[in-house]
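With these hints in hand, go ahead and build the complete structure from the sequences.
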Amino acid sequence: GEDVEQSLFLSVREGDSSVINCTYTDSSSTYLYWYKQEPGAGLQLLTYIFSNMDMKQDQRLTVLLNKKDKHLSLRIADTQTGDSAIYFCAENHDYKLSFGAGTTVTVRA
Amino acid sequence: DAGVIQSPRHEVTEMGQEVTLRCKPISGHDYLFWYRQTMMRGLELLIYFNNNVPIDDSGMPEDRFSAKMPNASFSTLKIQPSEPRDSAVYFCASSKPGLAGEDEQFFGPGTRLTVL
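Those sequence lines, one after another, are chains A and B. Position 97 (the first sequence) corresponds to 97 in this note's numbering; numbering is contiguous. Position 65 (the second sequence) corresponds to 1065 in this note's numbering; numbering is contiguous.
Since the hints were made in silico from the structure, they are not lab data. One should not assume that every hint holds.
[Said to hold, decoys possible] Stretch by stretch, here's where chain B covers chain A in the computed footprint (C-beta under 8 angstroms, at least three residues):
no.	stretch
1	41-51
2	93-99
[Said to hold, decoys possible] Among the chain B residues that face chain A by a calculated CB cut under 7 angstroms, a handful are:
no.	residue
3	Tyr-1031
4	Gly-1042
5	Leu-1043
6	Asp-1063
7	Phe-1065
8	Glu-1104
9	Gly-1108
For every residue, glycine included, the Cβ atom is placed at its ideal position computed from N, Cα and C.
Structure follows, in structure tokens:
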């Protein structure tokens, strides 16, 4: 969606960290989300962060939120080949989600 | 639960034909969403329902598109007549907002529509 922007491509070496960045516009969004889409499949929720938090960690995933700059990032530690996918950032408006265009992450050996 | 079920998984049709896409949401979910995904426009919300009632259809591209939800376990998205520019992957998703307001949408596998 127009309201959420993210870079389109990221190439990372296996074992390195991946960082995917996103900017959003709606400061009233209560939650911000990261979804993952593997080839030929639907989107699957990876993690979300409540808007009054600035960091959330979940195993290899770390989400950072800068509300002042309306900037959200997802860090994947020790990136594996199975992490190759499209990653979507999303913000909520009531019960609707606005998605970014998606970042295609390619993991190379 | 089997998750969100969509049928058919693939549909190839000719321009002018009617196309009906089907969705069965997860039992107990009271929100249902229809999305369209294309390379050019990304993921677009077409319409969503709450308790079987259409709440926002502002994303429906034109009158050729219609969606219904006759009961809590079934929804259809119909395109009549279909055009080549309707070719896309159509996703259905359902959700039940959590107690804290978090709102995970569960997506179906999608229907890949090709209009020749």
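Here is how each hint holds up against the structure:
no.: 1; hint: 41-51; verdict: holds (count 7)
no.: 2; hint: 93-99; verdict: holds (count 5)
no.: 3; hint: Tyr-1031; verdict: holds, 6 angstroms
no.: 4; hint: Gly-1042; verdict: holds, 4 angstroms
no.: 5; hint: Leu-1043; verdict: holds, 5 angstroms
no.: 6; hint: Asp-1063; verdict: violated, 22 angstroms
no.: 7; hint: Phe-1065; verdict: violated, 18 angstroms
no.: 8; hint: Glu-1104; verdict: holds, 5 angstroms
no.: 9; hint: Gly-1108; verdict: holds, 5 angstroms
Violated hints for the displayed structure, listed by number in ascending order: 6 and 7.
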